[in-house]
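**Q** One-letter residues, chain by chain:
There are 2 protein chains.
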Amino acid sequence: MAKPERHVLVCLNMRPPDNPKGSCGAKGSEAVFDRLKGLVKESPLAERVIVNRTNCLKHCSRGITVAVHPGNVWYSGVTEQDLPEIVESHLEKDAPVERLLMPDIPWE
Amino acid sequence: MAKPERHVLVCLNMRPPDNPKGSCGAKGSEAVFDRLKGLVKESPLAERVIVNRTNCLKHCSRGITVAVHPGNVWYSGVTEQDLPEIVESHLEKDAPVERLLMPDIPWE
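As you go down the protein sequences, you meet chains A and B in turn. Those letters in the first sequence? Residues 1 to 108, by the numbering used here. Those letters in the second sequence? Residues 1 to 108, by the numbering used here.
Calculated from the structure, these hints are not laboratory results. Quick reminder that beta carbons are idealized off the backbone N, C-alpha and C, glycines included. Treat the hints with caution; some may be incorrect.
As the list claims (entries may be wrong) - The following label-pair restraints were derived from C-beta to C-beta distances:
1) B:K21 - A:R99: 16 to 24 Å
2) A:D34 - B:N72: 23 to 31 Å
3) B:M14 - A:K21: 23 to 31 Å
4) B:E98 - A:P17: 30 to 38 Å
5) A:K3 - B:R48: 20 to 28 Å
6) B:D104 - A:E108: 35 to 43 Å
7) A:R99 - B:D18: 43 to 51 Å
8) A:P17 - B:E108: 34 to 42 Å
Unchecked claim - Computed list of lysine to aspartate or glutamate pairs in EDC-like fashion (alpha-carbon distance at most 20 Å, straight line):
9) B:K41 - A:E108
10) A:K3 - B:E98
11) A:K37 - A:E47
12) B:K41 - B:E88
13) B:K3 - A:E108
14) A:K41 - B:E108
15) B:K3 - A:E98
16) A:K3 - B:E88
17) B:K27 - B:E108
18) A:K27 - A:E108
19) A:K58 - A:D18
20) A:K58 - B:E5
21) A:K3 - B:E80
22) A:K58 - A:D104
23) B:K37 - A:E98
24) B:K58 - A:E5
25) B:K37 - B:E108
Unchecked claim - Some chain B residues well away from chain A (every beta-carbon gap over 12 Å; in silico):
26) R6
27) P17
28) N19
29) P20
30) G28
31) L39
32) K58
33) H69
34) T79
35) Q81
36) L83
37) E85
38) E88
39) H90
40) E98
Working from the sequences, and respecting the hints, build out all of it.
**A** This is the structure:
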């Protein structure tokens, strides 16, 4: 299909470790991206969901940041341990994971 | 705000120039990304629209590929010359640019 049912975006922006803003890359977002992509690839979602890596998603201090469309759902502080729940609850059953939702804060 | 009104994604995947699939990066998508980001930054959309670069958006032969959420609107063959129209028509007035819409083809 030309259009994915869902489009999942993982921030891989990397700042130096001593940067006060922090960054998703420095928190291990490459491993989160790789694992999420793998979980989707192994699931029935593989032909319907695209997982992409992006540059800065503008919530550096709250990262690891993940965004999901449609729905404009933004997650903060995502770890590898959270990924099965995001896949099973949100991507498979359309129920976003409430405890990980990004607070309504300005872009950084 | 925590959530952008629109999220624009530009594929910057780069394959070697002799790869038969082609790639958006090899077609100049970094310049498209930079210019689009600049146009948005200079406009009233700056605080409402996020423009991100991504890895492969899976339409290599049709690139440069750009996706816009919400709406799950996918564009093919985007050039720098097309960007003012995408910004003014789609991002400002919610009228996608019909002539650039991605055909309904399988992912590559």
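**Q** Can you confirm whether the C-alpha distance between B:K58 and A:E5 stays at or below 20 Å?
**A** 14 Å, holds
**Q** Taking the beta carbons of A:R99 and B:D18, is their distance inside 43 to 51 Å?
**A** 48 Å, holds
**Q** Compute the least Cβ-Cβ separation between B:L83 and chain A, then decide whether it is above 12 Å.
**A** Per Cβ check, B:L83 is outside 12 Å of chain A; nearest 18 Å; holds.
**Q** Need the status of pair A:K3, B:E88: alpha-carbon distance at most 20 Å?
**A** 23 Å, violated
**Q** Is it the case that B:E88 keeps its Cβ farther than 12 Å from each residue Cβ in chain A?
**A** With a cut-off of 12 Å, B:E88 remains clear of chain A, as the shortest Cβ separation is near 22 Å.
**Q** For the pair supplied as a hint, B:K3 and A:E98, confirm whether the alpha-carbon distance does not exceed 20 Å.
**A** At roughly 15 Å apart (the allowed maximum being 20 Å), A:E98 and B:K3 satisfy the hint.
**Q** Per the stated criterion, does the least C-beta distance between B:E85 and chain A lie above 12 Å, as a non-interface residue requires?
**A** 21 Å, holds
**Q** Is the distance from the Cβ of A:D34 to the Cβ of B:N72 consistent with 23 to 31 Å?
**A** The hinted range 23 to 31 Å holds for A:D34 and B:N72, with Cβ atoms some 25 Å apart.
**Q** Starting from A:K41, check that the Cα of B:E108 is at most 20 Å away, please.
**A** Judged against 20 Å, a Cα distance of about 15 Å means the pair holds.
**Q** Would you say the C-beta atoms of B:M14 and A:K21 sit inside 23 to 31 Å of each other?
**A** 27 Å, holds
**Q** Need the status of pair B:K27, B:E108: alpha-carbon distance at most 20 Å?
**A** The hint holds at about 16 Å.
**Q** Classify the label on B:H69 as holds or violated, using whether its beta-carbon is more than 12 Å from each beta-carbon of chain A.
**A** 4 Å, violated
Hint compliance for this structure: hints 1, 4, 16, 21, 23, 25, 26, 32 and 33 are not met, and every other hint is.
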